[in-house]
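Undergrad: If you read the protein sequences in the order shown, they are chains A and B. Take 714 as the starting number for the first sequence in my numbering and just add one per residue. Take 452 as the starting number for the second sequence in my numbering and just add one per residue.
Simulated from the structure, these hints should not be mistaken for lab results. Certain hints may be false.
[Said to hold, decoys possible] Derived lysine-lysine pairs resembling DSBU-like cross-links, with alpha carbons at most 30 Å apart: (1) B:K464 with B:K508; (2) B:K508 with A:K762; (3) A:K782 with A:K762; (4) A:K771 with A:K782; (5) B:K464 with A:K782.
Computed from a prediction, not measured in an experiment: that's the story for all the values here.
So you can see what is in the structure, the chains are spelled out below.
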Amino acid sequence: AQSVTQLDSQVPVFEEAPVELRCNYSSSVSVYLFWYVQYPNQGLQLLLKYLSGSTLVKGINGFEAEFNKSQTSFHLRKPSVHISDTAEYFCAVILTDSWGKLQFGAGTQVVVTP
Amino acid sequence: KAGVTQTPRYLIKTRGQQVTLSCSPISGHRSVSWYQQTPGQGLQFLFEYFSETQRNKGNFPGRFSGRQFSNSRSEMNVSTLELGDSALYLCASSLSPSATGELFFGEGSRLTVL
Chain A
714 AQSVTQLDSQ
724 VPVFEEAPVE
734 LRCNYSSSVS
744 VYLFWYVQYP
754 NQGLQLLLKY
764 LSGSTLVKGI
774 NGFEAEFNKS
784 QTSFHLRKPS
794 VHISDTAEYF
804 CAVILTDSWG
814 KLQFGAGTQV
824 VVTP
Chain B
452 KAGVTQTPRY
462 LIKTRGQQVT
472 LSCSPISGHR
482 SVSWYQQTPG
492 QGLQFLFEYF
502 SETQRNKGNF
512 PGRFSGRQFS
522 NSRSEMNVST
532 LELGDSALYL
542 CASSLSPSAT
552 GELFFGEGSR
562 LTVL
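Use the sequences and the hints to build the structure in full.
TA: In structure tokens:
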């Protein structure tokens with residue numbers, strides 16, 4: 714069963730425009746939520762994570778995400794993107810009954826153009 | 452502080468052969484996870500090791516195996532290679548089992564099976 718759904722496979726965006734990447738999850742147990750970024754020919758880098766507490770999470774490079782339990786969503790946003798934000802972004806969850814196993818969404822390719 | 456090191460970075464094998472990939476975690480990290488990344492299946496969890504013990508395993512056939520040494524370095528082995536095993540294999544390390552911690556990824560080993 715798919716635990717993580719990223720609703721957009723590709724998001725084109727102009728430089729300095731805002732971007733939102735959508736992520737929904739399904740789980741009958743509590744989850745921890747993550748966003749990772751993968752630049753071309755590189756491994757993954759953690760952008761931000763939600764474990765508990767405030768539902769608005771701020772990460773690196775100006776990104777933030779909001780956890781919405783009722784809508785089971787964890788959307789990623791950035792108010793103004795740069796060319797260097799061109800990359801693939803992955804939403805991921807850890808189910809609290811499956812410690813140590815990150816489950817990733819299919820990824821969203823963000824292409825920033827001038 | 453050196454990052455996660457994976458070797459080799461690229462390799463080409465033929466069907467039926469076997470391959471061993473190596474991962475050296477960040478110094479002090481004792482948990483190592485492996486993921487397979489393909490265009491069709493995305494990022495899939497293979498297994499996780501902590502203190503030389505496999506703690507978690509994904510849904511891969513027995514041809515995929517791994518181990519962790521006392522210095523936390525890890526290897527994964529794929530026997531009787533199939534065309535579908537062509538993928539980027541990513542290793543990630545963390546201080547402890549990744550339930551709440553950040554995973555640090557290597558740049559991956561890209562395996563091509565001909």
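Undergrad: With reference to the structure, classify each hint as holding or not holding.
TA: Going down the list of hints, with the structure as the test:
For the hint linking K464 (chain B) to K508 (chain B), the alpha-carbon distance of about 25 Å falls within 30 Å, and the restraint holds. For the given pair, K508 (chain B) sits about 23 Å from K762 (chain A) by alpha-carbon distance, which is consistent with the 30 Å threshold. Under the criterion of a C-alpha separation no larger than 30 Å, the hint pairing K782 (chain A) with K762 (chain A) is consistent with the structure, at around 15 Å. With a C-alpha separation of about 17 Å, the suggested pairing of K771 (chain A) with K782 (chain A) holds against the 30 Å cut-off.
Using a Cα cut-off of 30 Å, the hinted pair K464 (chain B) and K782 (chain A) is violated, with the two alpha carbons roughly 46 Å apart.
Violated hint for the displayed structure: number 5, the only one.
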